[in-house]
Amino acid sequence: MNSRIGYIAFNTFREAVRDRVLYNLIAFALLLSGAAILVGEISIDIERLVVVNLGLTAVSLFGVVIAIFIGIGLVSKEIDKRTLYTVLSRPVRRWEFVVGKFFGLTGTLVVNTFFMAVGVFLALLYVAHKFEKMDVWVLAALYFIVLQFLIVCALALFFSSFSTPLMAAVFTFALFVIGSLSEDLRGFARITSGVGGWLATAIAYLVPNFSALNVINQVAHGDPVPGRLILYNTVYALLYSAMAISGAVLIFQRRNLK
Amino acid sequence: MAAIEILDLEKSYLVGFWRKRPKLALRPLRLTIEDGEVFGFLGPNGAGKTTTLKLLMGLVFPTAGSARILGMEMNDPRVKSEIGFLPEQPYFYDHLSARELLNYYAQLSGVPAKGRSARVEQMLERVGLRDAAGVQLRKFSKGMLQRVGLAQAILHDPKLVFLDEPMSGLDPMGRREVRDLIQQLRSEGKTVFFSTHILSDAEALCDRVGVIHQGELRGVGAVAELTSERQAKIEIIFCATTVPPGLTSLGAEARVSGDMVNAVLPEEQQDAALEVLRRERIKLISLTPVRRSLEEYYIQKLRPVEARKNEIPKADDQKDKDDDRENDARIEASRKGVGA
Amino acid sequence: MSTTRRVNLVAGAVLLLSLAGALTALGAIDRLRQPSIPQQTLYLRSSRVLRRLSLGYTGLLADIYWTRAVQYFGIQHHNDSGDFRLLAPLLEITTELDPRLLPAYQFGANFLAPKPPSGAGLPGAALSLMKYGIEHNPDQWRLYYNLGFLYYTEFKDYAKAADAFRQGAALPVTSEYMSILAARMAQHAGEFDTARMLWVTTYQSTQEARIRQNAVEHLLALQVDEEVTQLEQVVEKYRAQSGRLPTSMGDLEHAGFIRGTPTDPKDHPYKLMPDGRIEVQDPQKIPFITKGLPPGMSPPQPAREIPPEPK
Chain A
0 MNSRIGYIAF NTFREAVRDR VLYNLIAFAL LLSGAAILVG EISIDIERLV VVNLGLTAVS
60 LFGVVIAIFI GIGLVSKEID KRTLYTVLSR PVRRWEFVVG KFFGLTGTLV VNTFFMAVGV
120 FLALLYVAHK FEKMDVWVLA ALYFIVLQFL IVCALALFFS SFSTPLMAAV FTFALFVIGS
180 LSEDLRGFAR ITSGVGGWLA TAIAYLVPNF SALNVINQVA HGDPVPGRLI LYNTVYALLY
240 SAMAISGAVL IFQRRNLK
Chain B
0 MAAIEILDLE KSYLVGFWRK RPKLALRPLR LTIEDGEVFG FLGPNGAGKT TTLKLLMGLV
60 FPTAGSARIL GMEMNDPRVK SEIGFLPEQP YFYDHLSARE LLNYYAQLSG VPAKGRSARV
120 EQMLERVGLR DAAGVQLRKF SKGMLQRVGL AQAILHDPKL VFLDEPMSGL DPMGRREVRD
180 LIQQLRSEGK TVFFSTHILS DAEALCDRVG VIHQGELRGV GAVAELTSER QAKIEIIFCA
240 TTVPPGLTSL GAEARVSGDM VNAVLPEEQQ DAALEVLRRE RIKLISLTPV RRSLEEYYIQ
300 KLRPVEARKN EIPKADDQKD KDDDRENDAR IEASRKGVGA
Chain C
0 MSTTRRVNLV AGAVLLLSLA GALTALGAID RLRQPSIPQQ TLYLRSSRVL RRLSLGYTGL
60 LADIYWTRAV QYFGIQHHND SGDFRLLAPL LEITTELDPR LLPAYQFGAN FLAPKPPSGA
120 GLPGAALSLM KYGIEHNPDQ WRLYYNLGFL YYTEFKDYAK AADAFRQGAA LPVTSEYMSI
180 LAARMAQHAG EFDTARMLWV TTYQSTQEAR IRQNAVEHLL ALQVDEEVTQ LEQVVEKYRA
240 QSGRLPTSMG DLEHAGFIRG TPTDPKDHPY KLMPDGRIEV QDPQKIPFIT KGLPPGMSPP
300 QPAREIPPEP K
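Protein chains in written order, with numbering that gives the first Met the number 0: chain A, 0 to 257; chain B, 0 to 339; chain C, 0 to 310.
Since the hints were made in silico from the structure, they are not lab data.
Note that beta-carbon positions come from the ideal geometry of N, C-alpha and C, so glycine has one too.
Certain hints may be false.
[To be verified] Derived DEER-like restraints, expressed as beta-carbon distance ranges:
| hint | chain 1 | residue 1 | chain 2 | residue 2 | range |
| --- | --- | --- | --- | --- | --- |
| 1 | C | LYS130 | B | TRP17 | 54 to 60 Å |
| 2 | B | GLN299 | A | ARG254 | 37 to 43 Å |
| 3 | A | VAL117 | C | SER127 | 25 to 31 Å |
| 4 | B | SER248 | A | LYS257 | 58 to 64 Å |
| 5 | C | ARG99 | B | TRP17 | 42 to 48 Å |
| 6 | B | GLY188 | C | ALA12 | 30 to 36 Å |
| 7 | A | VAL117 | C | ARG44 | 28 to 34 Å |
| 8 | A | GLU131 | C | ARG44 | 20 to 26 Å |
Sequences are here, hints too, so could you generate the full structure?
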């Protein structure tokens with residue numbers, strides 16, 4: 000059973016790579032190097048700030064876009080193009096397929112993020128000429144970004160399990176935007192009363208909490224990331240992803256393939 | 000033990016945008032496929048052949064009924080290791096090469112790692128793709144994809160193989176190869192269930208056929224029985240530019256093409272016909288008995304049915320035997336009545 | 000069938016359990032992040048930059064900052080920290096992103112100027128915020144009202160207050176109180192009735208719960224101040240009449256100066272002190288009073304929680 004999940008995950012990773020997803024790294028590298036060089040020229044004492052802010056934001060956004068498009072492409076496309084027919088006629092359980100896809104997808108993103116992280120640190124080294132102690136927190140920010148990808152991938156798979164590729168992409172992206180504002184949404188829910196308040200509260204708590212996973216600004220200013228936050232965020236991301244994936248499994252279990 | 004037992008398997012869809020109405024894609028189907036036989040599932044496009052296969056594969060869920068495959072419930076995952084499936088117009092992972100795809104499928108089918116690559120090579124050889132094994136599937140032609148499809152269906156040595164339109168889109172050479180493969184599978188003792196709308200293939204390959212139309216099983220029968228001589232006829236081909244009147248009076252149906260005539264007459268007129276040709280000094284080319292083709296049976300089954308019955312359609316070869324008995328009895332009675 | 004059912008059960012259980020767990024973790028994360036959110040909000044203080052970053056969705060961003068400002072105030076208030084130094088920048092950013100967000104100005108008028116712990120203690124900032132608001136919304140009577148209110152309560156500059164009220168009264172859409180207040184500024188500025196009118200107008204000019212609550216508390220305080228003043232005047236009359244200080248409320252009643260025992264808005268009777276002063280029984284319960292306090296005590300501050308909205 001587990002080996003099948005592993006095979007599916009590996010195949011997913013291979014497909015993403017051969018689908019030239021990793022080429023995005025080139026665009027990323029260009030962007031970052033350009034910024035680093037530019038900032039190095041201007042040098043108004045905020046080089047570190049800019050590089051970290053820009054670099055991490057780029058990692059986050061590039062990654063989310065990739066997660067959405069590849070995630071949806073890989074699952075919806077399979078259902079659409081019926082490559083699944085010959086896979087599911089084998090002793091592969093449907094849930095193994097979903098879970099395998101999830102691991103393959105997140106694996107791709109982790110590898111992608113790793114290369115991007117190297118790029119960010121190189122750019123940082125270039126503009127600041129040395130590493131400071133506070134740069135350690137950049138790793139924490141990167142870790143949170145990876146957690147963010149976990150949730151986005153899980154959501155992309157969830158939506159792919161029942162809607163068309165386009166709608167799945169739209170829903171996932173919408174949840175990403177709303178989730179990034181989830182702290183404000185909860186604040187808003189707190190000061191709203193009546194039916195609107197209940198509705199806002201429900202949405203604010205069910206939407207993925209991306210705002211707490213975004214510590215980019217903090218880290219750019221050199222502020223530390225509390226250990227407890229790292230722990231809680233990890234637990235949250237894992238549980239939320241598990242929730243979305245089990246939802247995907249439940250739906251996919253009963254789906255009639257066209 | 001029956002390889003496949005289908006018990007009142009039914010599938011209906013809801014169609015329409017606002018008011019969804021049920022559309023019956025497959026009426027309750029009852030069918031048994033015996034172990035070791037080659038069964039042809041015949042029917043026009045949209046008859047329900049692919050729906051049946053998808054139901055058996057667990058790709059689509061029935062609205063009623065069930066099936067047992069190799070003695071196990073059709074949803075049982077253990078079934079999947081014993082069956083192979085080639086879908087119609089298959090799509091595979093484009094980015095993989097043939098070898099990689101088969102290897103991946105072998106992994107998923109639980110082929111042990113030890114002999115896996117050897118088995119893959121063997122399969123590639125068997126379907127004639129050894130030279131193209133390293134090429135990405137996106138570059139494959141239709142025929143090559145079909146071969147890959149066959150390879151993945153049999154690579155884990157399943158007992159039962161399902162093929163949906165295996166000859167579609169193949170050139171005559173390809174079709175010949177597929178036919179040979181199916182023969183081989185049969186000689187290996189495997190059960191083959193394939194759907195097609197090409198009757199000549201079915202006639203050549205199948206032990207039994209079933210005809211399905213508009214979601215309903217119209218008839219099942221052994222090929223040998225269905226194509227046995229029932230209406231004894233003979234076909235005479237001879238050199239002539241017109242049909243000799245003597246033959247027409249014998250009740251011949253004739254067709255002229257160029258300087259040859261092709262005439263079909265009842266068997267008992269054989270001697271009289273030959274006499275006509277001899278008298279007219281017409282050159283005889285050939286004389287062969289006409290066997291009823293599967294086509295006739297097929298077309299007959301496709302005709303609309305008056306009343307919709309849900310009973311098990313009696314096996315048509317059985318029905319034919321019964322009809323024969325009836326007819327013989329009638330003839331016997333009339334002969335007795337008329338007098339010797 | 001059993002395999003499918005088993006998978007469904009497991010998946011369903013995982014879904015429910017992880018939902019519960021995720022929500023719990025979310026609560027923990029929120030509690031952890033609560034204090035630091037406003038600071039992080041203000042990493043970006045330049046509204047010009049913010050405007051560009053918002054990609055045109057300045058309205059939305061303004062609403063977000065406004066929500067954060069209100070939240071921030073509530074949390075600081077709740078924690079009794081007395082520290083509202085982020086309120087001014089939050090309100091400034093909000094109004095710079097959307098100069099027409101009227102509630103922000105009202106909030107600023109009521110809570111930027113008063114000294115901690117009831118406000119941020121920045122009357123100057125409040126003033127410039129009002130002026131900015133008027134500049135961008137010249138037809139909104141409430142803003143003129145807020146300006147006049149500030150001049151009156153914080154700066155005691157009755158002339159400027161009168162000006163503001165007059166300008167507001169001249170608008171096509173305005174409250175009837177504006178002209179009345181303008182008139183009163185001239186002669187009756189220091190009177191209880193004027194102040195009372197002001198707070199009533201404040202109460203009526205907004206739907207915001209906190210501002211209303213604040214206005215009600217001020218009105219109650221005025222009532223106490225007025226009653227204490229009147230009672231102390233009565234004590235003085237008694238002394239003038241009988242040559243000595245009354246020993247209890249009963250004395251005043253016998254002398255016919257008062258009827259029954261006077262009680263404060265919390266229904267506690269006023270206490271007559273030996274030195275002739277009147278004191279409130281429980282000063283902490285009635286915020287903002289300036290009279291009826293023990294000597295040396297400064298006006299009490301409002302309670303932490305927001306009581307339910309007064310009808």
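Worksheet item: Are A:GLU131 and C:ARG44 spaced within 20 to 26 Å by their CB atoms?
Response: The hint (20 to 26 Å, Cβ to Cβ) holds, given that A:GLU131 and C:ARG44 are roughly 24 Å apart.
Worksheet item: Would you say the C-beta atoms of A:VAL117 and C:ARG44 sit inside 28 to 34 Å of each other?
Response: holds, 33 Å
Practice prompt. Kindly confirm whether 42 to 48 Å is satisfied by the beta carbon distance between C:ARG99 and B:TRP17.
Written response: holds, 44 Å
Worksheet item: Using the C-beta atoms of C:LYS130 and B:TRP17, is the stated range 54 to 60 Å upheld?
Response: holds, 59 Å
Worksheet item: Do B:GLN299 and A:ARG254 keep their Cβ atoms within the hinted range of 37 to 43 Å?
Response: holds, 39 Å
Worksheet item: Does the Cβ distance between A:VAL117 and C:SER127 fall inside 25 to 31 Å?
Response: violated, 49 Å
Worksheet item: Do the Cβ positions of B:GLY188 and C:ALA12 conform to the proposed distance bound of 30 to 36 Å?
Response: violated, 44 Å
Worksheet item: Is 58 to 64 Å a correct range for the gap between the Cβ atoms of B:SER248 and A:LYS257?
Response: About 59 Å separates the Cβ atoms of B:SER248 and A:LYS257, which means 58 to 64 Å holds.
Checked against the numbered hints listed earlier, the structure breaks hints 3 and 6; every other hint is satisfied.
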